[in-house]
Structures are given as C-alpha cells and as structure tokens.
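> From first to last, the protein sequence lines are chains A and B.
By our numbering, the letter at position 240 of the first sequence is numbered 240, and the numbering carries on one by one without gaps.
By our numbering, the letter at position 51 of the second sequence is numbered 1051, and the numbering carries on one by one without gaps.
Honestly, the hints are just simulated from the structure, not real lab data.
Any given hint might turn out to be false.
[What the hints assert, rightly or not] Computed footprint of chain B on chain A, listed as stretches where at least three residues anywhere in the stretch have a Cβ under 8 Å from a Cβ of chain B:
#1 39-46
#2 79-88
#3 356-369
#4 396-406
#5 412-423
Even glycine gets a Cβ: it sits at the ideal position worked out from N, Cα and C.
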Amino acid sequence: MRGFLFGFLVCVLAACAGSAPRVSQSSQVPVSLFGVPPGPWEDVGQVPIPALEPFTPRLPEKIRLSNGITVLLLEDASRPLVSLDLRFRVGSWDDPRGKTGLAALTAGLVRDGGSERWPGDVLDEELDFLGASIDFSASDASTKAGFSCLSGDVEKVYEMFQDLLLNPTFPEEKLDVLKGQLMVSVLQRNDRPGPAATRESRRAFYGIGDPRVRRMEASDLDAMGRDDVVAFHRESWGSRGALFTVLGDFNAEDMAARLEATFGTWPVQPAAVSEIPKQAPRLEHGRVLLVDRADVNQAEIRILMEGVRRDHPDWPALRLGSFVLGAGGFGSRMMRRIRAELGLTYGVSAYWNPGFEQEGLFTAQVATKNETAGQVVAEMLSLMKDFLNKGPGVEELDKAKMRLLNSEVFRVDTPSKVLNRIADLEFQGYPWNHYEMVMAACRDLTGKEIVAACRRHLDLGRLQIFVVGNAPDFDVEMGSFGPLALWDLDSPNISTGNSAASSVEEIEQAGRALAERVLVAHGGRDAWTEADLLLAEVASPRTSSLLRYPNRISWREHPAIGRRDDRPYNPSEELGSGWSRFGTEPRLHLPLVLMRLARNEAVLGSPAEGILVVECPEGEVVLSTGGGGVVTGLAVENILLTFGEYSLSGGLRLPGLISAAVRGEGNSRPAKGRVITNWQVNPDLLESDVSDSDE
Amino acid sequence: MSLQDVNDGFQALADEVEMTVLDNGLRVIVLPRGEAPVASFRVHVLTGAIDEAAGLTGLAHFAEHMAFKGSERIGAGNWLSEKLALEECDRAWKAYEAARAGGAEEAAALLKEFDAARERADAYSRAPDFDAVVEEAGGADSNASTGVDATRYYVSLPSNRLETWFWLTREMLGAPVMREFYKERDVVMEERRMRTDSDPFGSLFEAVLNAAFTAHPYRDSTIGHMDDLARLDRPEMISFWERHYTAGRMVVAVVGKVEPSEVFSLAETYLSDLPVSKQARNPRTVEPRQKGPRTVEVVRPASPALFAAWHTPPLRGRTAVVHDVLGSILHGGASSRLHVRLVKEEKIAATVQGIVGFPGRLDASLAGVLVVPTSGNNLEDCLNMIQEEIHFLAERGPTERELEGVRRRAKMDLLSSLGSNPGLAGALAQAEAEEGGWEALFDSLEALEEVEAADIRAAAGTYLSHQRTVGYLLPPGARPSTPVGEDS
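Looking at chain A on its own, in the form it has when it is part of the complex (with noise of 0.2 Å):
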C-alpha cells in the first residue's frame, strides 16, 4: 500500500512542470528603461526547469493495543523531540443543552487542575522549567490531548501526561479561573467585526437551534458546575474512537509497550452514536442578513450555501473549481477582479470547504469598505454568475491544475505535516489514499466536468447573504440581492426551523416556560386574554390600525385601567407609505402574538435560550427574547422586527422604538433597509413608565 500511496505525486510534478524553454538566450535585449537589464533569460517561460526528484514520503506505522485503541508511530530523529496526542470522539457538539462549552471546560480543567501528584499549578512550573508543553483541548466533533517535550524527557511528560488523563482531580478553584475566563471570551467575540461576521453567518445559515453553531453564553457559563464536568468527563472520555499518534525521536517499540501498559487496559468504549445532523440545512430561497453597526470602516460579507463530504463524487471537481473561482491564491477570479483590477478589498475567497462527517459549506467571503459593500456583493456574484456559466476557459483550467497539483508536495514535506494528515484519515476512517485519490481525479478533469459539478452544487437562487458593515454608508442597499432581514450579533433572533437534538418534550415544556415569562413582562396573562378586540382589528381591513394605534388598543382593554383613550393619535413619526405589506402581515403585531400565548392558542416550543417559537393560527412567528422575558426581536419568514425602549402603556408593557427589516420588492423597501417609528404613549403615564427595567 505505501509504495502506490504517493507514487503519482511525482508523475503530477512532472507533468506540470512546464515545457522546455522555448527560446535559449535572448537575442534583442532592449535597453532598460527602469532598474536592471535583463537577466539570462529575456522571458520567464525561457526559464529552464529540471525534473523534480522522485520523493515518497515515510508513513506511519500503524499499530493497536490489545483494546484495539489504534497508534500510528512515525519515527524522526532529524530532532531531539517527542509529541504525542490522542484524540477520541466527543466535542462541543456533544455539550448538553443549556451547557454550552462543557466539552471545552472538561478539557481546561483536567489540564489546568491537573492531578493529585501533579497539581496545576506545580505541572506548569514542572513543564515551563523542563520547556515542554501538555495541552487538551475541545473542538466540535473531538477532543484531543496531548504534549511536546526534549527526547530527553519523554519519560517524565508521558507519566504527568497519563497522570493527567486517568487521575484528574478538577479543583473548584481552577474552575473559577477558567470559566473568568471563557466568560471574558463571550464578552469580546463582537469585538472583531470579522469573526462576529463568520460566526453569526454560520448560525443564521444552519438555524440557531442547531447544535453545531451553538454558542456559549454567559448563562451557560452559570449554570456549569464541577459535577458537570465531573460527570461529562466518566460519561464521554475514554476510548472512544480513540487514536495515539507519536512522532519525533523515539524507539517504536519502547512506546509502543509504554502506550500498552498504560491504554491497553483502558476499558473498550464504542464511539458514542453522534446525534448530530450530518447535513448542511438547504435554503429554500436566497436571502440577505444585515448585521447594522455603525462603529465600523469596513463591511465584513459572509456568503454561504451548503456544500459536500469530503468522499462525494463531485468533490473533486469542486476543489479544481475553487481554484478558479476563489481559491488557491492570487490566481483565482475573485482576487483577480476584486482585489487586483478592482482595488476594492485586501482579500476575497471563494470555496467549497467538505467536511469528513459533515457536509460543510460552500463559502465566500470579503471585507471592503462600507461605501463599496454593494459593488463588492455585485462583483462576486457576477464572477459565480459567469463561472457557472462559462466554465473555466483552457488556459485557465490548466494554471488552476498547475497551481493545485504542483503545490501538493508542500503537504507532505515535513513528517509531521505527513503524521497529521494520515491521522485525520485514520480517526475519520477514510482510506490513507484520499488524498492522492482527489489528486489524481483532479488531474484529468476537463472544464464540462468542472462546470457541471459547480452547477450541482452552487445555485445562486439559495444563497444567503450575510453582512456586518455600516448600512447608512452602503453604495447599494442589500435588500438588492434578495429578501433582506435585520440580524443582531449578540441575541438569538431566527430560527430556520432546525431544532437542537433535545427532543421535542423538552423544547415544549422550555417553550410553555418561557411564554409564562413573556406574559409578565408584558403585563400579566390576565391582561391579554381580556384584549377581546384585538382579533377584530387584526382581521379587519384596516389591519395596520393597530400598528398605528397601539397605545389605543392597550386602553381600551386593559382593565386596569378601565377607560378608554378617546384623543386623537398623533404620531410622531409616519411609517413609511412603502410599509403596506407590514400592516396586511397579522403575525407582525406583538399585542397579537402575545394574546394567542395568554389565551393557550398555540402551540409553543423553545429550541434555544430565549427563543419563543409560536405557532398561532396565523402562521408561525419567532419571538427572541431578553432577560426577565421581554420580546427583543420577532421573526416572521424574512421579516424581522427588533423592539427597543420599552415603555409602559396602561399597565402594558409595548415597544416605544421599532427597528423593522422587510423582503425588498421594488419599491416598498425602507431606506436603508431600515425604518423606526415611535409609537406613542400617553404622557399620564410617563411618571410610571419603568422602561430601563426590561434587561
């Protein structure tokens, strides 16, 4: 098997390596007119180039302990160094519901608490003197540990390292200091509007519910305590999975018996049967996701679509047709045009990113200045647009497989880049080859098969659009490129209709409890199950009236207050004329919405924290939902409206500011993609108006 594994790779090389010079020795130099004359060669293509030397890099060696635990060894002994990792099947996906980031708390604590020979705090000083490291770590599907120290060494690090393992004592103490931690973290991640952008794009496109774009909150944070992690820990570590891996200057045998003597009677666990989807969600219709902040000099664009597994047939095609469209460097359209002949951005990328489990996503991304966000959006489409169409013409496709097949050698040219690709593999149980496999397709692929492939798997009707950046500074307004919402970086406002892996009990019974919530903060049930008119001027023709008139609605039947508002509304601010569709949309009105929950007249879920999903008769709407239970946002298909200041209106609680997003068609969209309007509230009632308590 080795000897065919990376045969070919020296064929691509060769093949690749351009032809012969084409002319010797230029004969008409012309006199330089800037810097130097020319070298020997007038031309860079009269370049000669030797055959690369045939090269087969060293595999590892693959072993098992007698619990069938897998090891790959590979010997390097260019350096006195050791490093070990481990790997085993469970990660932050597998985090329990409302305990987001337990995976990656268990994995701190056993490494910073450490054990009862090696304390945490003696273990750094140990590892810091001897200039070694030991790290675990939680990522989404696994979790690995591990550590690096001189050969020297590898006695002493491996006995702290299983010791580590086996024996951890998780202090409350280091507890403390880790979750200060993470908890700094989840107040810094809007900082970068970058990685806000890529993060909340991914949690826009699979739905907030899904448990693999869940995000850690500071009320996760509250609610994980040692027995959680003591309990994560004996539940799902173990030899799940598992797989050794050891590279660098060491005796294989010796590790091996020593790997033994101390896994080889760790009890056989079978991988934990993974509940989580392995399908991208698939949009029925492209949207637009608009993130408005206003401190920003720069947009910062997300563009996703679902995309492949590694082993689709396509997959292949794909990644050449990356290389064209976005990926691989400089060369591709994006930079080319964008960056390049454009100006407009620092870096632009395009591509299809295949997971091993997981289908992953097509993704494309940019950053450009606000008044140049719309131009940018345009462009990228236009270069998928005509990509799909077209193809990649010859010449290009050809420099596309240059630029892919003669850079492959720098994946296995160092044994731990070789170590590192071949455990991925391994641990995902893909064949050693695959990578050659895709090399080899890539190859001989022509610009129909490429293009048909890309077709299969890029429809610009389904893409979602996702941009962080000032609105008011935007050349084009994003609503332009589809049905545009509003998106807010920190609270959970959409759900797409993926609910987390908790089953359905449980998301009704969080639902019921978190409309019980929603109600006293808006005025108590009794208040709204007596908001008898609130139907007839719903279904009524002049629908809007109760957007218009709230404050009239909530007079009229609260009996709190027990009369009724006869002066004549004055708004302070029309809704736009545009706003027509805003007013025939019943499922928009808060007071609605809120009357169906305290009159039992719809089903109820909460698939996420401080999401409220209600199913009225009207149709299905999404409430999101601050601290103590006030409605921050409400969702209906691609319209969004986010409430702010809140002001009371005879007992009942009701949104003083609207920021509304709706579909754009034509002309009806809102400047900017963006209106507010104040909805009036009677001054009498100012003096009791408790608005700043609502977070």
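With chain A fixed as given, assemble chain B onto it according to the hints.
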C-alpha cells in the same frame, strides 16, 4: 538525550550553513537539508517604516505591495506604451492633488482626468502574471511582511524552481515598475481598515505607539496614516525604492533540498548587478527621555483591555538577550510571574501577554504587556500589580530555576523552528541582517547561559513607572479607574 547533545546538534546544523557575499554587498546564505524536494526562500531587506519621511507614512509597507506588480519583463502588456501612460498618470495625479490641496475649483475635473489616465495605464498591465508564475510553479506561502526596521519576502517552491525564483527575484528587487500604484493604494487602505481600524487591539497598539514616541519614527504605525496613504504618489515610491532597495541592505537565505554551489552561482548570475548601497540609512531622531507617565484611551464598543509599555534600549546582542529573558520571566508561559499573579492568584485577568521589542529592535524601543481583565473595573489594579511584580524582580531578581527554565525554553523554541524550512530561512536571514551574523542564531544560546540574576534585576529596574505609557481600551462611557460596564 542530554542538553549537551542538543547543543551539539545545533553545532552540527551550523556546520552545514554556507554564506557568500556578492561584489555588490548582497549576502546569500544556504542551508541544505531535508528529504522532500522543496526549498524555502527569504529576502530580508533592511528598510522599513523608520525610513519614511514625515507625511509619507506607509510608504515602506506599500513598497512591499508594489514589489509583486512586476517589471518591464513580467506583468507588462506593452512596456513602452505603458511607461508613457504611467508617467502621464503621475502628472495627472500631481495636478489634481495640487488643485485639491489649494481648494481649486477645477479639482473635480482634474480628478476625472486622473481617473481616465489611470485607466489608460492600467489597460497595459498584466500585473497578476508575477504571482501567477509563483503559484503555477506550486509556490506555497508566497507573501511578504513589512515592519518598522525591515521588510521580508518569502516563498517556498518545489526545488526544481530554483532558477525561476532567482529570475523573479531579480525582476522584483531590481526592476519594479510600480504599475497599478494608484489602485493598490486602495488595497492598502482596505488593509488598514482591516488590521488597525476594525481591530480593537490594533487601534490600542497604534495609540500607545503614538503616545510613547514623540520624535522617533517608531511613533507611526507601519501601515501608515489614512491621510498619508491617500496622498502617496508613484514618484515618491520610485524614489523610496531607489534609495532603500540596494544590495548592501539585502540578505537572501535559501533552505531546503538545494546545492549550495548552484545557489551561489545563480545568485552571482541574477543578483550581483543589483545596485550597490551608496548611503547609510537615514539618521533617526533619538527619542528624548520620557519625563512622566503617559496615558491614552481608545474608546470604542469593545471589551476593556490594558496595554502598558516601558522604554528599552535598542535590542541587540547581549542587551537583547537580557530583555528577552526578562520578558520570558514576566509573561512567558503559565508559570510566569504576571500570569501567576494576575490570572492564577488574584484572578483579575483572563489573559496576560507580553512583547519585547515593540515595535522594533533596531532603535530604542518598548517592552509591553497586554492584559484582558476579567471585569472592566479592575484595570487600575492590573496595572498596579504589574508594576509591583516588576519592582519585586528589580529588587530581588529571578531564581536560578527561572533562569534555567528560560534557557531550556529558548532551546525548545529553536529546535521547533528547525522543523521548518521557512522558519529556518527567516531566522538565518534575520540574524545575518540585524544581529551581526547568522551565527547569532546559535550563539544566542551561549549568551543565554551567561545571563545572570543581576542582569535581570538591572533590566527590570529600567521599567520605571514614570516612564511608562499605558493604553486603555474602553467601551463608551467607561473610565479606567472607575467601574467599567461589562458590555454596552
């Protein structure tokens, strides 16, 4: 394997390094190693932001961008016509800029003329060809970086592209034509928005530099001020390049599966007629002694942070080793003094990181500590404790065990860097260009052995509170000394 064996290993590696100096002063270092048919290339040019004149900040970094735009022999559609068009474009910009600065009415019309001239010039450009050759050859990690002291160009290629690299490098270093200058200016401005303006820490670091230095060019961040960037022109760029991109200020390092004799022979062929350095670097104003503590605040919607910086001497030779050891004892790792005190014991910081030689090492510089507090209302406590720890260290010195730990970590760091061709090429070129010879890379371990507790005490004693600059990153409405809202 004992530490002595490790030292022997370094010696064995050092024995493999070969260097030659071309007649024009350009130095070439080669280290043949490894099994894979690859090589990593590094060009270290001793020019950086400190060589910029007032009002021209950003020029050195911008020059690095222009290096990839090709020459008259690569990236040119029709060089003779393009040259004329480029010069026309320069004149049009000058006319517009003069009118704009003078508030003249015809500025708008002149801008249109400039835009048209620019389009005419750009029409001849095949600038992407330069990168394309590298990428199609299989080039990996092709990039460059510019600092205050120096500019570095790097790439890794399959080893059969050795001559291709020399061909490209001759054109890049010896004959750049600065095409697409005015368009690339926009790209550089986007880079500034991304790295400095959009990044709270980027803004914080820039503010501290602006405050800590009043006269020395370390004051201005390398990316340049937005206003300067908007006014830079191509003739300035050409004159900057001609003055600073000269052979005596360049070191080339090649590490990988290569024959030293072949590398030297190609270097002779391709690089020996690059222009000789005729003048030394510009003299820089020595930063006057700071007479009192300075504080700056950066207010933006971000979580609070603190960056405190103290003046250091130029960091070369033994001074550099001593200050690096001091930094390592203060903030290098989980058992470092500041980490133990602020994160583990007092629990008032989530992270403590430090840097020695900020923003550079050539001239008197800064040592800084960045703290992210666990809550916004303890920034002052963090600062006081940092100053206290420095004070302890100045009074009592480090333990022998701390010093031994630093030595071992330095060895591990060096060993780790030996695992990669790019890392080695970079370290060798850096040591040769800035530390008096590539041997300094290995000699530094010896120098480390000689650092004593008294050296550390003395160095810590120079981090005086009245000569520090403290930058606070604060959300709107917060004060460093009063409780800061957790999030706004």
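> Work down the list of hints and note, for each, if the structure agrees.
Consistency of the hints with the structure:
1. 39-46: The restraint on the region 39-46 of chain A holds, since 6 of its residues have a Cβ under 8 Å from chain B and three suffice.
2. 79-88: holds (count 3)
3. 356-369: Our answer is that it holds, as 3 residues pass the Cβ test (under 8 Å) against chain B, meeting three.
4. 396-406: holds (count 5)
5. 412-423: Since three or more residues must qualify, the claim that chain B covers the region 412-423 of chain A holds, with 4 doing so at under 8 Å.
Every hint, counting from the list given before, is met by this structure.
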